[in-house]
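Colleague: Listed below are the residues making up each chain.
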Amino acid sequence: MPAEPLHILIAAMVSWANFVTIDVFFKLPEKGGVSGASEIGRHIEEGGGALHGGYMMGNIVSSPDASAGTLLASCGVYAAGIPGGLFAALLVYIGNRICYDPGYAGTTGCITATFIVYGFTLIGFSAAEFIVGMVIAILTIQGISHVHSSRLLATLWRWRQG
Amino acid sequence: MNGYEIALALCGIIALYAAVRVVLEKDTMRKLPFLNVVSFAISGSIVLLIPHPLAIVAAAAYFVGSTLESNAIASTYAGGPKDE
Amino acid sequence: MNELLILVFGAMVVLGAIATIISRDLFDKLISLGIIVAGIMPFLADRGLLDVLAATALIAPLSTIFILMAIRRKKDGS
Amino acid sequence: MGPEFVLGLVLILVGTVASAFPRPKTYLVQLINLEIPAWGLLLVMLSYNEALALLTFGGVSALSTFIYVRVIQKREGT
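One line per chain: the protein sequences are A, B, C and D, in this order.
In this text, residue positions in the first sequence follow my numbering: the first is 1, and each later residue adds one.
In this text, residue positions in the second sequence follow my numbering: the first is 1, and each later residue adds one.
In this text, residue positions in the third sequence follow my numbering: the first is 1, and each later residue adds one.
In this text, residue positions in the fourth sequence follow my numbering: the first is 1, and each later residue adds one.
Derived by calculation from the structure, the hints in this document are not laboratory data.
Careful, some of the hints might be misleading.
[What the hints assert, rightly or not] Dumping the calculated DSS-like pairs for lysine-lysine here, alpha-carbon to alpha-carbon at most 30 Å:
#	chain 1	residue 1	chain 2	residue 2
1	C	K29	A	K31
2	B	K26	C	K29
3	B	K26	D	K25
In this text, all values refer to a predicted model and were calculated from it rather than measured experimentally.
Generate coordinates for the entire structure from the input sequences, incorporating the hints supplied.
Modeller: So, in structure tokens, the structure goes:
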């Protein structure tokens with residue numbers, strides 16, 4: 001299976017679109033789900049970022065949401081095909097219950113990502129490329145610059161509202 | 001160097017980069033998103049190292065454990081749960 | 001696991017240890033301890049000890065939460 | 001001598017020195033520094049492939065952390 005950097009780039013874009021869409025759709029940037037998430041949002045705003053983007057980053061840190069669902073779904077498809085992906089959705093749901101979260105976003109993201117990744121494996125992509133693509137996608141949100149990514153997420157949240 | 005090795009090396013390098021950013025960041029709460037990147041990269045490389053069905057359970061256990069740890073640190077820093 | 005990965009994850013463990021020793025704040029120390037755990041996990045996975053990995057990954061946050069219990073009690077008391 | 005063995009020895013040496021001379025001299029800092037040689041010992045056990053020893057050590061390490069936390073709370077509380 002020819003694996004090129006181009007495939008990894010496309011996989012990163014697809015998983016970025018998947019998890020950001022589902023997170024914004026389930027109203028993650030609205031408020032911090034737990035007190036720790038609100039605290040992270042407030043500290044990011046003090047550093048120059050936007051408040052609602054900071055809330056969403058805090059929610060991603062403090063409970064497994066659609067980004068974790070996408071990662072574990074591609075891990076599941078890599079190790080065991082479609083049943084592995086659905087089993088990973090069950091694990092994400094249990095993890096959400098442990099972290100005091102209703103767990104709709106994580107489970108939905110995991111199930112959609114399972115079918116997206118399986119569909120891409122049919123046209124020549126490898127699931128390993130989706131694992132590293134998801135790692136790159138989360139790096140662009142949480143790891144490069146908190147100021148810019150939180151402003152971007154706040155802009156998306158304004159679109160969702162109005 | 002095939003695609004599998006490129007993926008594994010990228011995961012390792014991203015994990016090291018995020019770890020360096022955790023150490024260099026001054027504000028305690030702003031360290032936690034970088035720690036989240038580290039745990040994403042590590043649970044990805046666990047599955048890439050051993051493609052076995054049980055590896056999903058191990059990666060999910062590591063990810064949930066690390067998330068729970070970040071959650072506990074953040075809420076203790078914020079002053080603990082209000083309803084206790 | 002090839003030489004590059006051993007070097008990268010070993011560097012993470014050493015970096016986490018140095019950061020844990022140097023930093024003065026208790027929360028910073030606990031976060032750096034998380035980096036050490038993250039660096040150790042791939043070495044466990046490379047040996048194929050998946051049961052040990054799952055158990056260790058669940059025990060490590062438990063001991064962090066025990067330490068956080070003491071920190072919270074101290075903050076309330078003061 | 002695998003890389004795990006060397007890495008574990010480094011962690012044990014550095015962590016022992018750090019927990020013998022903690023910088024802010026409090027019990028909690030000492031307890032957090034004591035976690036570093038615990039992970040080093042786990043790496044050394046890993047290089048001999050002893051799964052049962054690793055499981056037992058992980059459990060006992062968390063339990064002893066809990067007991068230390070209770071002892072520190074009792075000593076500082078009264």
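Colleague: It remains to establish, for every hint, whether it holds in the given structure.
Modeller: Hint check results:
no. : hint          : result
1   : C:K29 x A:K31 : 28 Å, holds
2   : B:K26 x C:K29 : 13 Å, holds
3   : B:K26 x D:K25 : 22 Å, holds
When each numbered hint is compared with the structure, no violation occurs for any of them.
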